[in-house]
Amino acid sequence: MNVPVDYLLGLSAVLFALGILGVLVRRNAIVVFMSVELMLNAANLALIAFARETQDLIGQVFVFFVIAVAAAEVAVGLALIVAIFKSKHSIDIDQVSGLRG
Amino acid sequence: MTTDLWIFFGLATIAIVSAASMLISRNAVYSALFLVLNFVTVAVMYLLLHAAFIALVQVTVYAGAIMVLFLFVIMLLGAERVGNQRSLKWQQPAAAILGLGLLGEMVYVFFAGSGGQAAPAAVLGEAFGSPNAVGTLLFSEYLLPFEVTSVVLLAAMVGAIVLTREEKRAREARP
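First to last, the sequence lines map onto chains A and B. Just add 1 to the spot in the first sequence (first one is 1) and you have our numbering. Just add 1 to the spot in the second sequence (first one is 1) and you have our numbering.
Among the hints, erroneous ones may be present.
A few chain B residues that face chain A, going by a derived Cβ cut-off under 8 Å, partial list only [claimed, not checked]:
1. Asp5
2. Trp7
3. Val18
4. Ala21
5. Tyr63
6. Ile67
7. Val69
8. Ala97
9. Gly100
10. Phe112
11. Leu164
Reference listing, derived: stretches of chain A covered by chain B, where coverage requires no fewer than 3 residues with Cβ under 8 Å from a Cβ of chain B [said to hold, decoys possible]:
12. 31-42
13. 64-72
14. 82-91
If you are wondering where the hints come from, they were derived from the structure by calculation, not from laboratory data. Glycine included, each C-beta is placed from N, C-alpha and C at the ideal position.
Make a model of the complete structure from these sequences and hints.
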């Protein structure tokens with residue numbers, strides 16, 4: 002695909018900003034978490050675009066590691082959400098305002 | 002406007018609309034499905050950017066495993082919706098203004114330098130981004146990070162199990 006790298010970075014920026022908006026605006030903890038995944042995905046897109054631009058495979062290797070760490074992060078994060086739901090009976094992040102469970 | 006640009010703008014529109022729909026949907030299950038669409042669209046874009054291996058990893062790990070985990074937890078908790086009462090009235094408009102401000106700033110920074118003018122993309126060989134090339138790099142130069150990643154995944158697995166069996170242990174400790 003012969004597309005300027007700027008366009009890809011622009012798309013990456015828009016997706017990242019949508020992820021930020023989701024984290025800030027939504028109160029459902031699972032949707033907030035999905036927005037974090039969207040931001041990771043936007044960063045990956047920028048890395049792939051630069052890998053193509055600089056003709057260096059290191060960018061793609063890095064994306065591989067980002068995806069692996071994201072999988073680990075999702076496992077722990079969803080376990081945390083399940084634990085919060087068990088104690089609060091809600092995953093509204095406004096309810097999770099105390100430091101003591 | 003070339004065919005490549007048409008394909009790019011089509012994919013970009015789908016990606017942005019699905020991401021925005023994810024934010025707008027009231028039901029978390031719809032949000033998850035829109036996110037799957039977004040991941041698949043980005044995977045197609047990776048394919049077109051000479052990253053075949055990463056595209057397939059994206060589909061299997063992100064759109065497959067991770068989103069199944071999300072849907073599983075959403076349906077396990079039965080928490081598709083949260084209530085409408087909010088404790089901070091000014092939080093949502095402030096968040097929207099700050100988010101859009103960040104977007105404007107990022108787009109300005111990216112496009113201020115070159116004004117969106119393209120350097121003609123270099124011609125890449127067929128092997129660039131193939132599973133063979135990426136795998137060779139992973140198992141030679143980046144072998145140590147690769148092995149560390151497996152330890153990270155193991156730690157995450159143990160952590161997830163420990164976090165979710167907390168209640169059972171507490172019940173056993175009680176007389």
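Now the hints, each set against the structure:
1. Asp5: Holds. Min distance 5 Å.
2. Trp7: Interface hint status for Trp7/B: violated (10 Å vs cutoff 8 Å).
3. Val18: Where the cut-off is 8 Å and the nearest Cβ of chain A is about 10 Å from Val18/B, the hint is violated.
4. Ala21: 6 Å, holds
5. Tyr63: Holds - the Cβ of Tyr63/B comes within 8 Å of chain A, reaching about 7 Å at its closest.
6. Ile67: 5 Å, holds
7. Val69: Hint violated; Val69/B Cβ to chain A Cβ min 11 Å, cut 8 Å.
8. Ala97: 6 Å, holds
9. Gly100: 4 Å, holds
10. Phe112: Phe112/B check passes; min Cβ-Cβ to chain A is 6 Å, inside 8 Å.
11. Leu164: This interface hint holds because 4 Å falls under the 8 Å limit.
12. 31-42: Coverage by chain B holds here, the residue count being 8 at a Cβ distance below 8 Å.
13. 64-72: n = 8 at 8 Å, threshold three: holds.
14. 82-91: That given contact holds, which follows from 6 residues of the segment 82-91 of chain A lying within Cβ reach (below 8 Å) of chain B.
Figure legend: structure checked against the earlier numbered hints; hints not met, in rising order: 2, 3, 7.
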